[in-house]
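S.K.: So the chains spell out like this:
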Amino acid sequence: GQQVMQIPQYQHVQEGEDFTTYCNSSTTLSNIQWYKQRPGGHPVFLIQLVKSGEVKKQKRLTFQFGEAKKNSSLHITATQTTDVGTYFCANSGGSNYKLTFGKGTLLTVNP
Amino acid sequence: NAGVTQTPKFRVLKTGQSMTLLCAQDMNHEYMYWYRQDPGMGLRLIHYSVGEGTTAKGEVPDGYNVSRLKKQNFLLGLESAAPSQTSVYFCASSYSYRRFFGPGTRLTVL
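Residue numbers (my numbering), protein chains in the order written: chain A, 139 to 249; chain B, 718 to 827.
One should not assume that every hint holds.
[Claimed, not checked] Lysine-lysine pairs mimicking DSBU-like chemistry, simulated, CA-CA at most 30 Å apart: (1) 208(A) <-> 774(B); (2) 774(B) <-> 174(A); (3) 208(A) <-> 236(A); (4) 208(A) <-> 788(B).
[Claimed, not checked] Coverage of chain B stretches by chain A, computed from C-beta distances (three or more under 8 Å per stretch; other residues unrestricted): (5) 760 to 766; (6) 811 to 822.
Just so you know, these hints were derived from the structure itself, not from any lab. Note that beta-carbon positions come from the ideal geometry of N, C-alpha and C, so glycine has one too.
Given these sequences and hints, build the entire structure.
M.R.: This is the structure we're talking about:
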């Protein structure tokens, strides 16, 4: 897959604040996947986006794929301490085998 | 279902020693992968397999070998460990685009 840049690298919020992480590419992406890794844990799949302008929601999490398919975002509304962890975006470039991960955004939440 | 399991969970090696990491999955997935995770580097693909008896190189294959003799198992070998191989190793499996990760092996090479 193509290289993707994630920003920010770190984000610290107060519980109840919103949080957004961004995933950007210089080239068009065929798809974007998002994973969450809790501290000391393993990555867990959250969602895949494939269509231009796609928006999907999972409870307090909103995922977007840009119109040009060069960027994606994950927005968490009213963060909770259970949201702590590193959020990774990844893309496979059309191949199921070579999933390329971004470097992740580490979210910490102050209760 | 246990999902994806990895053994061992932790290991300390001396430079030059060899070891094998074992990954097993009980989901009948065709595809299996080995990743390494280093601070600030995300997950990088070492080797992968698209089926029993097949393996292929990923982004960072040097210093590692793999084997997939049985569909449910994927082994990662280090023939002569180096300090640069200190990392957390994750195995994953998939039947399509979604990866299922194991709990990881934390390896330290002194």
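S.K.: Each hint needs a verdict: does it hold in this structure or not?
M.R.: Consistency of the hints with the structure:
1. 208(A) <-> 774(B): Distance ~27 Å between residue 208(A) and residue 774(B) Cα, so the pair holds.
2. 774(B) <-> 174(A): 25 Å, holds
3. 208(A) <-> 236(A): 18 Å, holds
4. 208(A) <-> 788(B): Violated - the C-alpha atoms of residue 788(B) and residue 208(A) are around 36 Å apart, more than 30 Å.
5. 760 to 766: holds (count 4)
6. 811 to 822: n = 10 at 8 Å, threshold three: holds.
Going through the hint list in order, the structure does not satisfy hint 4, though it satisfies all others.
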